[in-house]
Amino acid sequence: MHELSIAQHLVEIATEAARDAGARRVTRVGIRVGELSCVHREALEFCFDIVTKGTLLEGAELTIEEIPVEVYCPSCDRVSRLESIQRFRCARCGQATADIRRGRELELDSLEVDGGEESVGVTPDSLDDRPVQLPAESS
Amino acid sequence: MKPRILQVRTQILKKNDELARAMREAFVAAGVYVVNLVSSPGTGKTRLLQTTLRRLRSRGYDVAAIVGDLETDNDARRLAESGAPVRQIQTHGCCHLEADMVRDHLAGWDWEALDFLFVENIGNLVCPASWDLGESLRIALLSVTEGEDKPLKYPGLFNTADAAILTKLDLAEPCEFDRVAARANIDSVRPGMPVLETSAKTGEGVEEWIEFLCGRRDQFVRSLKKSAPSC
Ligand SMILES: [Zn+2]
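Listed in order, the protein sequences are those of chains A and B. Its first residue numbered 1433, the first sequence is counted upward by one per residue in the working numbering. Its first residue numbered 452, the second sequence is counted upward by one per residue in the working numbering.
No lab work stands behind these hints, which were simulated from the structure alone. Keep in mind that this is a model prediction, so the values were computed, not measured. The C-beta atom is built at its ideal place from N, Cα and C for all residues, glycine as well. Treat the hints with care, as some may be off.
Computed footprint of chain B on chain A; a stretch qualifies when at least three of its residues, placed anywhere within it, have a C-beta under 8 Å from a C-beta of chain B [stated by the list, open to error]:
id, region
1, 1438-1445
2, 1448-1458
3, 1461-1471
4, 1507-1520
5, 1527-1538
Calculated pairs, BS3-like style, for lysine-lysine (alpha carbon to alpha carbon, straight line, at most 25 Å) [what the hints assert, rightly or not]:
id, chain 1, residue 1, chain 2, residue 2
6, A, K1485, B, K453
7, B, K652, B, K601
8, A, K1485, B, K466
9, A, K1485, B, K465
Please build the complete structure, drawing on both the sequences and the hints.
This is how it looks when you write it as structure tokens:
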């Protein structure tokens, strides 16, 4: 089940992005998954819940936008949506085409977070960020 | 408080993709042609690879293989009989290889001197599709014992391949395997993809496969010379 690896990679980049933005907590993770990406939706949701435990993403909702496959047909000079991923043909003229324009996506799109940028000024966050002087302690 | 939305727009497998890209650049710079073999379990991948390594060696090529295996080292031992250097990646249940596993298993190896490096992926027709290993050629194998409609069930994987091989051709008749239908199905999910047919047992089609590989590698080497800066 490669969804476990995918969930781990997802948590890693989402955590990085959230930290960079100074977020305290991630409440929603929006991803885009192409129809050709070989990702099983339920398996990914299951793995996501497991892998997020104890991270900034714990309890976050995972929203998955499914992207249909679109191919380019040179004869029609047009991009069309595939009727079935078992048949790579132009929807208009029926010509076979392997020129895929969409449908392979496996992307982190957006995050909904609490904390960070908006709370400028004296908030617990910015206090936390102040360098703290500790006597002779190295990390 | 209103939640903040961060637009991220990043590949989820960014780390793997970036590493694979760097590896591909290193392989290309060293003139190493890397071939990733993907299939279901039991397609005769190991046996075909064994023959492939032997034949390429007898043609004077420097070849090596990295073989992914869930637990055992049987495949690696069988491949080493060809005389080629072989390393094994034990994935302990992980159903596909990732770029860092391949990189880690190249350590201490004189891989830059190779002409061909084969990576035998884990037997699985779903998971390996998403993971770029830095290869130059991805081959999907389909054994005649699996039936003609396999490509339609796994379009995602067949779609990332550069060529397909129908293996165990010697069993085509007893299995009532319909070659024409199999080829049509492959073409339906990946129009224009070359399809080869082999039997490692009888040797049928193996020479054509070797020719195919050498031809692809020649193209690869020629394109390197063309892109090299002239002094
Ligand atoms: Zn058309």
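Tested hints:
With 5 residues having a Cβ less than 8 Å from any Cβ of chain B, the region 1438-1445 of chain A passes the three-residue criterion, so the hint holds. Three residues within the 8 Å Cβ limit are the bar, and the region 1448-1458 of chain A against chain B gives 4, so the coverage statement holds. Judged by the Cβ-Cβ criterion of 8 Å, the region 1461-1471 of chain A is covered by chain B as claimed, because 5 of its residues qualify and three suffice. Check result for the region 1507-1520 of chain A against chain B: holds, 4 residues qualifying (beta carbon to beta carbon below 8 Å, three or more required).
By the rule of at least three residues with a Cβ nearer than 8 Å to a Cβ of chain B, the coverage given for the region 1527-1538 of chain A holds, with 5 such residues. Pair hint K1485 (chain A) plus K453 (chain B) holds up; C-alpha atoms about 24 Å apart against a cutoff of 25 Å. As the CA atoms of K652 (chain B) and K601 (chain B) are separated by approximately 22 Å, the hinted pair is consistent with the 25 Å bound. A threshold of 25 Å between alpha carbons decides the hint, and for K1485 (chain A) with K466 (chain B) the separation of about 22 Å falls inside it, so the pair holds.
Of the supplied pair hints, the one linking K1485 (chain A) and K465 (chain B) holds, its CA atoms being roughly 22 Å apart against a limit of 25 Å.
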